[in-house]
Structures are given as structure tokens and as C-alpha cells.
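S.K.: For reference, the chains in residue letters:
2 protein chains.
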Amino acid sequence: MKIVHNPDEMQNLCLTYRKAGDTIGLVPTMGALHDGHISLLTAIRQQCTISVMSIFVNPTQFGPNEDFAKYPRPFEADCARAKENGCDIIFAPKPEAMYPQHYATYVNIETITGKLCGMSRPGHFKGITTVLLKFFNIVVPHAAIFGQKDAQQVIVLKRMVVDLNCSVNILVAPIVRETDGLAMSSRNRYLTSAERAASVALHKGLAAAEKLYAAGERTAEPLIASVAAQLSKSDMLTPDYIELVDTVSLESQTRLTATALLAVAVRTRETRTRLIDNTVLGGCL
Amino acid sequence: MKIVHNPDEMQNLCLTYRKAGDTIGLVPTMGALHDGHISLLTAIRQQCTISVMSIFVNPTQFGPNEDFAKYPRPFEADCARAKENGCDIIFAPKPEAMYPQHYATYVNIETITGKLCGMSRPGHFKGITTVLLKFFNIVVPHAAIFGQKDAQQVIVLKRMVVDLNCSVNILVAPIVRETDGLAMSSRNRYLTSAERAASVALHKGLAAAEKLYAAGERTAEPLIASVAAQLSKSDMLTPDYIELVDTVSLESQTRLTATALLAVAVRTRETRTRLIDNTVLGGCL
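Protein chains in written order, with the numbering used here: chain A, 844 to 1128; chain B, 844 to 1128.
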């Protein structure tokens, strides 16, 4: 497994692979790898001859009061884990190589980035679209894979890829969960044991909504209410949003007529950790 | 010469050329071709095995009160001229293919686009960076060439290419002028004969400044004043700006210590046509 830090070196390497007829698959991560990330690596390896995992805690997608500084960076362990799982190349640029002096260019989606997580994280998706467009230019992947857990990120990136004519295939992998149902996240390690115990409510609520949907429920209100009911069982979780939205426009739906995303975000009481989870009803992203 | 309208078809074609080992050169234009455009085509043909000229009057780079509707579109004549001059492919997408329903993504440079032409044309450079990034993704060129006449556009695009890690080489070709010195522009056809006669003042003023510079002048004020003096000889031209700026930051310079751009923009009295011209002192873009 190669480890590359320099963006120009990475770009030259990937262009050479392309010329040689390889297909390149990209797994963008911020490191602190868990089984969810590994599932992405495994899936991309089945589609491409060269697997690239980027490990980059991207400063531009963090707000001023967010957890950029404390975000975990266990780089050696991440590399070992990626290597064990068949990764061909780790791309781990330094922030100053990605955003050098005079840096001033941003990619922004002017509609759907203000909704859901965008409401409480202004600028977050602008940071994501910008860094991903850079990665797409550096790694020139045929495919890039993302977890459904970050559903809005997937929807935003699919919009960007269509709008900017990026020749990369966006793949989406299912959410990987802990045995009690909590969606895996690098941020779960922030949780106190009380918060960790309470946080299973997100999945429980979504599972209850899925059951209602399977029984024929197509009105938003009871689907949302079943998530809210689970969250309210503990005082550890403050809902940020519970919404049923269209999977392209992210517009709120009052009745389900097509595929819709039921998404939830909460903040925990003790560590102010933000947790998200979702389910897609009637289709996939 | 092929003529391609569909962006996906164009992208597939260009990716195929790339795979076959061709080098692709792009000449982005809005059509209404003049000798300046042809000089770009001739130059790119010396560098690349496949020459692509895009012809697209890009709506997103025009302000609401600008000349988008009346901008000349002599498509047949342009194609004939391009073919005569050895162009391999014309890429002429429809606006609705470039900006389909739900389109929402823009590339923006948050610093240097507010200066010079950006002051009187808000959003202009955002439209340019967005459409050029799309073209770079569709045509996947090894090189793209632009005329020095649009100096700020060149500086903005070089910034974008560095910032977003685009693997395209930005080439700059010298300004091509009419016999009396007026820089060629598709907008020159808007001019009345009185405006046309007066408009030579832009080049005369810049040439006078170049002469001063050659004689050792390094202070901004007299260099700018020599342009202003020429413009003031006629009441047909209202200066929009005359500025001496750094070629990277576009910051105003009071004394010349490195390469600098002396740029001028005017509006004509009768047809309200905007004319620009420039010279680079002490180097090149």
C-alpha cells in the first residue's frame, strides 16, 4: 500500500494509472476508520482495479465552533486497517497543501445546502463540495463511494456531479450499525455512557417509521412522530430536525408519493455531540 | 470537422481521445469569431493533436442589463471559419443542456473577482469559472488557451486551476489588434462610426504608458495618466477604470516593483458598449 501526501504527486500517479487502463475507485474519509469506512473500501474494490482512500480532516467543512481541533486523527492505526483490508493507496494531504496561500475558490450549491444539516452547519456543504471537487481532480476516480448515513452529503454530491459534468460515478453504501442499531460514526467515541445508551433511540425511531411505512402509512406526520416518540424517551437527546423530504430537492413532504428521505439529527446533552441517522422510504438514494 | 451539441456525447468522445493517447486543446469562445479567436486556434493546434473550439454564449456570465440577447450568434459562418483554420471539433451546447432543471452549482473565487471588471459586472466571473470548470470536465483538455485581452479572466482562471487542482495547462495568447490598434472584440461591431474612431484611444494610451515604462517610469500615477489623457481627447468614451495592479492579487500598485497589469475599461457614449484593453508591464501573465 502506497501512502501519498503531495497532491501533485497523487494526480500524476492517478493519471498514469488511468493511462494504463486501470479503473480508480475513491473512498473519501476523514480517518478515524470504523467498519462503515471498511465496508466502503470493500465495495469499491469490487468495482475498480485501484482503490484509493483519502484521509483528510477538511478544515473548510467545519464551522468555527465545531470539532475540527478535537476530531480524532489516529493516522497510523487507520493506515494499518486500510492496508489489512486491501487498500492500494492512501492519499493524506496536509491542509496547507490543499489550501495554500491565496486560496480563494469554492464550489457551492445554492439550493439544497441550506436545508437539514445545512441549517445548523452553515458553510458545511460548501466545504464538502469544494474538497470533493479537488479530490475528483486529483484522484480522477471512475467511481467514488459514500455511506448513506451522510444522506444529504450524497444528495449534494450527486447534484454537483450532474451540474459540473464530473465524469465520476457516485456510489452509495448502506449504513453500517453497531449491534444495538446505532449508526457507526467516528464521533460516537465522544459520547458518555449515558449518551451512548440513549442514542439508540435514533435507529429505534427510524425502524418504527419503516414499520409504519411497510404497513401502508404514507402521511409524514405519523412517520415523523414515531421518531420523535423514541427521542423523547430520554432527556439526553435534543432533536435538531426530524424531516421527511424529497431525495433530490430536499423539499419537505407532507404525503409520500415517491421515494423520500426520513432524516434525523440530534445533539446530546452532556458532550454536545451531533448525531445523524436516516432511512430512505420507497426506494434508494 | 465534427460538430457536437450534447455534453455527454462530447465527454465520451474526449475521454476516448484521451485513452487513445491524444492531447486535447480547448479554445473556449462565445462565437462571433474574429482573428483573435483564430490566433488561439492556430496556437493550440501547435500544442495538441485534437483541437476543440467551444462556441457557447454563456448566460450565467451576463448581468440582467447586459447584452446576452443581442450578442451576435453567426453559427454557420463561425463553423466555416473554424473548419478553414483546422479545427477538429466544435462543441456548441444548448443553454438548457448546460444548465438543466434543478441546476444549482457555482464555482466562485471569493477575492479577485470583485476587482476591475468585477466591480461593474457582479457575478460575471462566477459565471465564467462555473462554465469553464464544466468545459474542463466535459472536454478534459490538456491545455486551454485564452487571449490576453481578457486579462482578468486569465488571472481568475489560473487561480481556479491552481485552487481546484485542475490538470489543465492555461495558455495565454497576445492581443490581436485592428490595423489602427483597437483590440479585436466581437463587441466592436456594436460601435457607431464615431465611437469606432474614438476607441483607438485605449490602445494609444496603453502604448504611451508602455513607452514611459520603457524609459524607466515605475510610478503608477503617470502611467495611468497617460491612458487617461488619451481617453479624454474624445467625449465618446467614459472610463470605467484605469488601474495598475498586481498580476496575481489584482491589488492596486502605486509603484511598480514586479510584473504589473495596466488595464482599462470604458463605456461608449452612443451604444453603451463596454470596451477593455490592457498591457502587461515587466513580464507576462
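Please note that the accuracy of each hint is not assured.
Note that the list lumps identical chains together, so a pair holds whenever it fits in one copy or between two copies.
[Stated by the list, open to error] In silico DSSO-like links for lysine-lysine, alpha-carbon gap of 27 Å or less: (1) LYS913 to LYS862; (2) LYS926 to LYS1054; (3) LYS958 to LYS913; (4) LYS845 to LYS862; (5) LYS969 to LYS1001.
Because the hints were derived from the structure by calculation, they are not lab data.
S.K.: It remains to establish, for every hint, whether it holds in the given structure.
M.R.: These are the hints, each one checked on the structure:
In this assembly of identical chains, the alpha carbons of LYS913 and LYS862 never lie at most 27 Å apart, being 40 Å within a copy and 44 Å across copies at closest. Taking the shortest alpha-carbon separations for LYS926 and LYS1054, neither the intra-copy value of 39 Å nor the inter-copy value of 63 Å comes in at or below 27 Å. In the homo-oligomer, the alpha carbons of LYS958 and LYS913 lie at most 27 Å apart inside one protomer (26 Å), although the nearest pairing across protomers, at 38 Å, exceeds that limit. Proximity of LYS845 to LYS862 under the C-alpha cut-off of 27 Å is found in both arrangements, the shortest distances being 19 Å within a copy and 25 Å between copies.
Proximity of LYS969 and LYS1001 under a CA criterion of 27 Å is satisfied in both settings, with 14 Å inside one chain copy and 21 Å between copies.
Taken one by one, the earlier hints fail for this structure at numbers 1, 2, listed in ascending order.
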